[in-house]
Amino acid sequence: MSTENLRSLERHLLAAAAAALQRNDPSGLRASDAQSPAAGDLAVGCHGLAKELKRDPQSLAQTIAAALANDPRYAAATAENGYCNVRFARPLLFAAVAGEVVREGERFGRDPDEAPAKWLIEYSGPNTNKPLHIGHLRNTILGFAMSNVVRAHGHDVTRYNIVNDRGIHICKSMVAWKRFAEGQTPETTGEKGDHLVGRLYSLFAKKATEEFEQWAAGPGAAEIDAYLAQHRASIEAGADLNLRKRFLQEQEKAGRKLDFKPAKIKPQLYPEKMAADVPLERDYAAWLAARPGEVAEARRADGLKRAQAAVARRFEAEVSQLHAQTREWLRRWEESDPEVRAIWRRMNDWVLAGIEKTYARLGVSFDHVDYESEVYLLGKEIVGELLAKGVARKNGDGAVIFEQPGKTPADPPQEKVLLRGDGTSVYITQDLGSLMRRHRRHDPAQVVYVVGSEQELHFETLFVLIDRLLPGFGARCHHLSYGMVELPHGKMKSREGEIIEADGFLDTVEEAAGSQVRARSPELPDAEVKRRGSRIGLAAVKYHLLKFSKRSTVKFDVDEALDMNGRTGPYCLYSLARIRSILRKVEAAGGATKLDLAVEAERLTPAEAGLLLAVARLPETIRAAVRDLDPYHVADWVYRLAKEVNSWYTASGEDGKPLHPVVHCSDPATRALRVTLLRLVEAALERGLGLLGIATLDEM
RNA sequence: GCGUCCGUAGCUCAGCUGGAUAGAGCGUCGGCCUCCGAAGCCGAAGGCCAAAGGUUCGAAUCCUUUCGGACGCACCA
Numbered sequence: 000m001s002t003e004n005l006r007s008l009e010r011h012l013l014a015a016a017a018a019a020l021q022r023n024d025p026s027g028l029r030a031s032d033a034q035s036p037a038a039g040d041l042a043v044g045c046h047g048l049a050k051e052l053k054r055d056p057q058s059l060a061q062t063i064a065a066a067l068a069n070d071p072r073y074a075a076a077t078a079e080n081g082y083c084n085v086r087f088a089r090p091l092l093f094a095a096v097a098g099e100v101v102r103e104g105e106r107f108g109r110d111p112d113e114a115p116a117k118w119l120i121e122y123s124g125p126n127t128n129k130p131l132h133i134g135h136l137r138n139t140i141l142g143f144a145m146s147n148v149v150r151a152h153g154h155d156v157t158r159y160n161i162v163n164d165r166g167i168h169i170c171k172s173m174v175a176w177k178r179f180a181e182g183q184t185p186e187t188t189g190e191k192g193d194h195l196v197g198r199l200y201s202l203f204a205k206k207a208t209e210e211f212e213q214w215a216a217g218p219g220a221a222e223i224d225a226y227l228a229q230h231r232a233s234i235e236a237g238a239d240l241n242l243r244k245r246f247l248q249e250q251e252k253a254g255r256k257l258d259f260k261p262a263k264i265k266p267q268l269y270p271e272k273m274a275a276d277v278p279l280e281r282d283y284a285a286w287l288a289a290r291p292g293e294v295a296e297a298r299r300a301d302g303l304k305r306a307q308a309a310v311a312r313r314f315e316a317e318v319s320q321l322h323a324q325t326r327e328w329l330r331r332w333e334e335s336d337p338e339v340r341a342i343w344r345r346m347n348d349w350v351l352a353g354i355e356k357t358y359a360r361l362g363v364s365f366d367h368v369d370y371e372s373e374v375y376l377l378g379k380e381i382v383g384e385l386l387a388k389g390v391a392r393k394n395g396d397g398a399v400i401f402e403q404p405g406k407t408p409a410d411p412p413q414e415k416v417l418l419r420g421d422g423t424s425v426y427i428t429q430d431l432g433s434l435m436r437r438h439r440r441h442d443p444a445q446v447v448y449v450v451g452s453e454q455e456l457h458f459e460t461l462f463v464l465i466d467r468l469l470p471g472f473g474a475r476c477h478h479l480s481y482g483m484v485e486l487p488h489g490k491m492k493s494r495e496g497e498i499i500e501a502d503g504f505l506d507t508v509e510e511a512a513g514s515q516v517r518a519r520s521p522e523l524p525d526a527e528v529k530r531r532g533s534r535i536g537l538a539a540v541k542y543h544l545l546k547f548s549k550r551s552t553v554k555f556d557v558d559e560a561l562d563m564n565g566r567t568g569p570y571c572l573y574s575l576a577r578i579r580s581i582l583r584k585v586e587a588a589g590g591a592t593k594l595d596l597a598v599e600a601e602r603l604t605p606a607e608a609g610l611l612l613a614v615a616r617l618p619e620t621i622r623a624a625v626r627d628l629d630p631y632h633v634a635d636w637v638y639r640l641a642k643e644v645n646s647w648y649t650a651s652g653e654d655g656k657p658l659h660p661v662v663h664c665s666d667p668a669t670r671a672l673r674v675t676l677l678r679l680v681e682a683a684l685e686r687g688l689g690l691l692g693i694a695t696l697d698e699m
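Mapping of the first sequence onto this note's numbering: position 364 corresponds to residue 363, and the numbering continues sequentially without gaps.
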């Protein structure tokens, strides 16, 4: 069997093209996909070289085409628009693609030219005060897929999880449990551990609000009044701005065209904008006048809200019993107080057991788990080193400060706190600790953090800092930054309970998929319906989270995620299930005859050659995904291949007869060829979906 | 104010190391189940690629400015 693959075919092509032009190397020439299967397999673009030689691209393409016409490797070569479109000899193309798939087997898709390197990839990062929500879902699915893809490229990947198991938020759940729910355990309430603790966290928020409201209605009332009086002007201005916003939104809803978005109004820009539309301003005055009671109420309520928010800060810090106790528990935790540590350990175990179950159903895993409670002390040491090296300095109250330079002359340097004045650690202290520990353990060539884009600045700082301690290492650390997951009506706010919690959401999708399976196959046993529904539902969710490039913010429309038609996970699964169905029928009919490639490959139609080319593009797809740190490319490749094969096996001629029958193909040689082709596509789809963390199905 | 990212079809998004008629899904409209699975296939309509300048033989892609949007600029994580 040939040892060639698409890439070597491409290299030969470029070399031959360069030789035809009497060039020593193919610089200035670029190989790309042909415009359509009918045009050819690949194309050599001559524009770059034409510029260099000050010649017409088309004449270069013609010279190449003429030279290739005599080369047995090529069945056709034509010049068009400065491109030389090339069709490989069929047996060569088939042998190269099939050879690579068979040769590589499980490893199909790797880059043989890439030297394996040690990669660390961190993703998921759960908190031990609540269950996973869809934000974690995007992170976890993305990180798991990325680690699969980097591994498939040929690297040695270690998957890392970081558990945020310490800090004030954990103490809130603990205080809520101790005060309001002592005695409750996952066993007594029947809840999943993470859900129980998450409920306690919400309970804390609820109790804290009650505490505040009680105080605000009693002893705090005077303080709020004082605040209102003191900040009257700005409060009224704010309330008026909100009223205007409401007015403009109503206008837009009513269909009135506005030349700017009312969603966010910059007060300083506002007057000119409004002046530009005087009728609008006049209408606003009328709108206000028409509802005096409502306007007064809105102003009052809005003002009160602002005042309360302002006063709440002091309340939390100085008055609240609940918050005081939480801070006390955090302090006791750092002092290793036995009672606090025991409760902490117990509740963390509940949460982690629950989250572990969610990972299991998602089919994701990790090689190492770091706990922030274990690395923050090392982090403090690292900060000490930075201090000793003069990278950081202490400020007046003892906090350790790093001054991060700005990016432009207009960008002022920023002071980042690495350690609080009281010696307790902050976010970056812990990351410094875990990163250093990982470096010592693994000496990785590359480190990837899968974390939302809102933390870009944080990682920039982290990498700059680690680079001062380990010169050169900072450049090997990367932040796989991805866009947020938003609900249809806006941003998720976990404190207000406006989240889609992962387990419940997965249940919904799996059930929805299951009921479709049931509708299509009424005779199926329940267990099988459940199994298929679960796979299809998970495929839908995972694909939905990987089908957009990482930068894109995902508006999490549940209906869209539930959609099983079009560019979705279930579609890809369906495509593969159909191939398998055809292959089963072939087996049942006695299998296929042996393939004599030299002869039968000539029967390949352009669509079939296109299918081969699509399969062969996995390695370069993986290369792009690793280059961009974005598994999206693989998701796209899977869909395109599924689409192409779907189109191929359903294609019919004018008479309505299938153009590419397999089971019913009367010519055994063509049948053998198609069976082989389908096996290649099957293997490729299975491989691609596997990289995305999507488990496939034989039947749907 | 400063920084990062973004503005492409009605909607959601690809394409962005400059090159062949700007692609896909959803939605809309019209076909296709005596024919290997209709979670499917085929076709149609729909775009001054935010705007204006520039660089270039050539710009959705590079540069500048303006407008619009998201995120960040905590001794929170």
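Quick caveat, the hints were computed from the structure, so don't treat them as lab data.
Take the hints with a grain of salt, since some may be wrong.
Said to hold, decoys possible - Calculated cross-link-like contacts (lysine-lysine; reagent style DSS-like; alpha-carbon spacing at most 27 angstroms): (1) Lys406 - Lys549; (2) Lys205 - Lys304; (3) Lys206 - Lys177; (4) Lys549 - Lys656; (5) Lys244 - Lys554; (6) Lys529 - Lys549; (7) Lys379 - Lys356; (8) Lys406 - Lys546; (9) Lys656 - Lys593; (10) Lys191 - Lys393; (11) Lys388 - Lys406; (12) Lys642 - Lys656; (13) Lys546 - Lys529; (14) Lys546 - Lys584; (15) Lys356 - Lys53; (16) Lys593 - Lys117; (17) Lys356 - Lys593; (18) Lys554 - Lys642; (19) Lys393 - Lys415; (20) Lys206 - Lys191; (21) Lys205 - Lys191.
All figures in this text were calculated on a predicted structure; none of them were measured in a lab.
A quick look at each hint next to the structure:
1. Among the hinted pairs, Lys406 with Lys549 is consistent with the structure: their alpha-carbon atoms are about 24 angstroms apart, no more than 27 angstroms.
2. Restraint check for Lys205 and Lys304: the C-alpha separation of about 17 angstroms stays at or below 27 angstroms, so the hint holds.
3. In summary, the hint linking Lys206 to Lys177 is supported, as the alpha carbons are separated by about 13 angstroms, within the 27 angstroms threshold.
4. For the suggested pair Lys549 and Lys656, the alpha carbons sit about 43 angstroms apart, so the restraint of at most 27 angstroms is broken.
5. Distance restraint check for Lys244 and Lys554: the Cα-Cα separation of roughly 23 angstroms lies within the 27 angstroms cut-off, and the hinted pair is therefore satisfied.
6. Distance hint between Lys529 and Lys549 is unfulfilled; the C-alpha atoms sit about 31 angstroms from each other, more than 27 angstroms.
7. Among the hinted pairs, Lys379 with Lys356 is inconsistent with the structure: their alpha-carbon atoms are about 33 angstroms apart, more than 27 angstroms.
8. With a C-alpha separation of about 33 angstroms, the suggested pair Lys406 and Lys546 falls outside the 27 angstroms cut-off, and the hint is violated.
9. Among the hinted pairs, Lys656 with Lys593 is consistent with the structure: their alpha-carbon atoms are about 26 angstroms apart, no more than 27 angstroms.
10. Distance check on the hinted pair: Lys191 and Lys393 sit about 45 angstroms apart at the alpha-carbon level, beyond 27 angstroms; violated.
11. Simply put, Lys388 and Lys406 have alpha-carbon atoms about 23 angstroms apart, close enough for the 27 angstroms limit, and the pair holds.
12. Restraint check for Lys642 and Lys656: satisfied, since their Cα atoms lie roughly 20 angstroms apart, inside the 27 angstroms limit.
13. Restraint check for Lys546 and Lys529: the C-alpha separation of about 25 angstroms stays at or below 27 angstroms, so the hint holds.
14. For a cut-off of 27 angstroms, the pair hint linking Lys546 to Lys584 is broken: about 32 angstroms separates their Cα positions.
15. Using a Cα cut-off of 27 angstroms, the hinted pair Lys356 and Lys53 is violated, with the two alpha carbons roughly 65 angstroms apart.
16. For the hint pairing Lys593 with Lys117, the CA-to-CA distance comes to about 43 angstroms; that exceeds 27 angstroms, so the pair is violated.
17. Between the alpha carbons of Lys356 and Lys593 the distance comes to roughly 47 angstroms, so the proposed pair goes past 27 angstroms and is violated.
18. At roughly 25 angstroms between alpha-carbon atoms, Lys554 and Lys642 fall within 27 angstroms of each other, so this suggested pair holds.
19. Using a Cα cut-off of 27 angstroms, the hinted pair Lys393 and Lys415 holds, with the two alpha carbons roughly 11 angstroms apart.
20. At roughly 22 angstroms between alpha-carbon atoms, Lys206 and Lys191 fall within 27 angstroms of each other, so this suggested pair holds.
21. A hinted pair counts as satisfied when its Cα atoms are at most 27 angstroms apart, and Lys205 with Lys191 qualifies at roughly 21 angstroms.
The structure fails to meet hints 4, 6, 7, 8, 10, 14, 15, 16 and 17 from the earlier list, while all remaining hints are met.
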